[in-house]
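> Sequence:
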Amino acid sequence: MGEQVSKQATIVGMLWTGGTPKAKEVEENMASYFNVLQGFLLYFYGSTVGAGPTLSSNLHQSVMQVVNSSFNLMKDSVSSYGSRSKDQKVAVPVLVGKVWEACSGLKKAPATNIAAIGRAMTQVAVSMKDVLREMRELKPDSGGQEDDQQTSGGVAGDGDGNEDDDDDVGDMGNDLSPEEMKVAELAMEVVSDLLLVIKELIRSITGLLKMEKADTSGSFVDSLEKLLKSSQVIGAQIDELGACLYPPQEVSTMEAALKKISSSLNGIESEVEDLKGSTDTFVKACSGLRGSIKQLELVLSCCSVGQLEEQLTNTSLSH
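Under UniProt numbering, residues 1 to 319 are what the sequence shown spells out, in order.
Careful: at least some of the hints might be erroneous.
[Claimed, not checked] List of simulated lysine-lysine pairs, DSS-like, C-alpha gap at most 30 Å:
(1) LYS294 <-> LYS139
(2) LYS199 <-> LYS213
(3) LYS75 <-> LYS98
(4) LYS24 <-> LYS98
(5) LYS276 <-> LYS213
(6) LYS107 <-> LYS129
(7) LYS199 <-> LYS284
(8) LYS229 <-> LYS260
Just so you know, the hints here were simulated from the structure itself, not pulled from any lab data.
Let the sequences and hints guide you as you build the complete structure.
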């Protein structure tokens with residue numbers, strides 16, 4: 001049906017190519033266009049039978065782009081009739097192109113619940129990768145050595161040491177102590193292991209296409225939606241975890257985030273097991289993630305950042 005709408009838009013463009021069309025031609029063209037558009041919408045609503053919230057949302061977004069671009073084309077077509085403005089008439093072909101683009105986008109819309117949810121999970125993974133990249137930009141505090149270099153540089157340069165003042169101000173407060181850096185490194189391991197879990201999760205549910213086709217009660221789609229929701233909860237907690245790594249690190253918030261991640265992981269494992277989609281690689285990925293979470297929890301629960309600093313100071317004095 002998208003091709004039919006695209007063809008109808010082409011006819012509109014041709015109507016305005018040779019000059020101003022007659023009123024009757026514009027009227028008949030609009031009637032034909034809206035008849036095709038109505039058929040397109042009926043076809044769309046029929047295609048949403050059995051679609052879960054995620055697939056329905058994807059389809060609705062694609063369809064609305066076709067509808068909105070079509071209405072803009074029709075509105076401009078009517079406005080252009082009788083107008084002496086060349087700019088207004090030139091806009092018609094541009095709007096025809098917008099309809100073509102929207103109709104072409106329909107082919108890229110997911111056709112199954114698995115495809116739609118897989119895409120949504122991929123977006124979660126992309127967001128996690130962004131957080132991981134930001135985590136890797138964190139750096140340890142260089143301590144007094146950097147201060148000495150800056151001092152000597154300032155004297156030798158007779159004031160030239162101020163050239164990078166803006167950069168210094170931008171980095172101020174982002175350098176981590178050794179204890180904080182250890183927490184950040186463990187957090188990076190958690191995110192890396194989470195990315196592997198999401199990858200294996202997508203691979204697991206992709207292999208369940210036959211179950212989606214045989215699903216008549218909607219329970220399979222419900223399970224997929226639960227998996228997506230749990231993945232999104234984890235994604236939100238990773239955002240929280242990444243934000244907490246900047247000094248002063250918020251230990252209690254990180255602990256709460258890890259608990260929510262563990263709880264969501266339990267739900268994911270349970271749903272995948274119920275769907276008979278669990279694989280050895282998925283189980284191994286989940287096990288590795290649990291190990292990383294426990295390591296970070298151990299550091300956070302045994303010693304707060306302040307306690308770690310105190311212990312390191314006492315250890316240095318004893319030697």
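> If a hint holds in the structure, say so; if it doesn't, say that too.
Status of each hint after checking the structure:
no., hint, in the structure
1, LYS294 <-> LYS139, "23 Å, holds"
2, LYS199 <-> LYS213, "23 Å, holds"
3, LYS75 <-> LYS98, "14 Å, holds"
4, LYS24 <-> LYS98, "25 Å, holds"
5, LYS276 <-> LYS213, "15 Å, holds"
6, LYS107 <-> LYS129, "28 Å, holds"
7, LYS199 <-> LYS284, "12 Å, holds"
8, LYS229 <-> LYS260, "13 Å, holds"
Comparing the model with each numbered hint stated earlier shows that all of them hold.
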